[in-house]
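Chains S and A supply the protein sequences, listed in that same order. Quick note on numbering: the working numbering labels position 53 of the first sequence as 56, and the sequence is numbered without any gaps. Quick note on numbering: the working numbering labels position 37 of the second sequence as 465, and the sequence is numbered without any gaps.
Rather than coming from a laboratory, the hints here were simulated on the basis of the structure. Hints may be right or wrong, so weigh each one.
[What the hints assert, rightly or not] Partial list, derived from the structure: chain S residues whose beta carbon lies under 7 Å from chain A:
hint, residue
1, Asn39
2, Phe71
3, Val101
4, Glu102
5, Ile103
6, Trp105
7, Phe107
8, Gln109
9, Lys116
Model, not experiment: these values are computed from the prediction. C-beta atoms are modelled at their ideal positions from N, C-alpha and C, and glycine is treated no differently.
Chain by chain, the residues:
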Amino acid sequence: EIVLTQTPLSLPVTPGEAASISCRSSQSLLVSDDGNTYLDWYLQKPGQSPQLLIYSLSYRASGVPDRFSGSGSGTDFTLKISRVEAEDVGVYYCMQRVEIPWTFGQGTKVEIK
Amino acid sequence: EVHLVESGGGLVKPGGSLRLSCAASGFTFSSYSMAWVRQAPGKGLEWVSSISSSSAYTYYADSVKGRFTIFRDNAKNSLFLRMNSLTAEDTAVYYCAREAYFRGMLDYWGQGTLVTVSS
């Protein structure tokens, strides 16, 4: 199965500053047949269900603020928050859906300093 | 508005069985693939199973293959997960989620239902 490794696992942030989370895959998530990269990002806020943030590498889900962006290629991916707000705290997960079983990264806990 | 409401969780003994349900509303259920994702206490997310809109395709994580069965009733806008031979490792909150398209991203999630396997 495809293994996703996130770093860091814990990220203290200062409101207003930028933050980034890395997700590295054990194999390429680019599907050559259609040119898409099937890597998504989810945020699980404290006490809530996960919510979709970014899909297919870089597309923001409906209602997601533009301070969130996804980038990368092949096996290395990054989620960036341009200016962290207090409401962004929670655990961020990357997930691949190139190959069954779909797999998640371990999660990165973002908290306010 | 899309709503997914899970039910059926609870305490079950090792080796026992349980059936989870997910009631869907706010969208044309029969047009969407669906999935189950679980989260053990204090742990990360684990994809469990997916089913296509017409039930033609089903997929399972190796950890549940042969023990869990995903199925759906499009007439009743409901998704199910039949879980047999449960072990302590199956203790988790189980979320149902909608796939935006076949094998697509999980764009809506329910609130989850807790399954506890313990003697």
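Structure-based check of each hint:
| no. | hint | result |
| --- | --- | --- |
| 1 | Asn39 | violated, 11 Å |
| 2 | Phe71 | violated, 15 Å |
| 3 | Val101 | violated, 9 Å |
| 4 | Glu102 | violated, 10 Å |
| 5 | Ile103 | holds, 5 Å |
| 6 | Trp105 | holds, 4 Å |
| 7 | Phe107 | holds, 4 Å |
| 8 | Gln109 | holds, 5 Å |
| 9 | Lys116 | violated, 23 Å |
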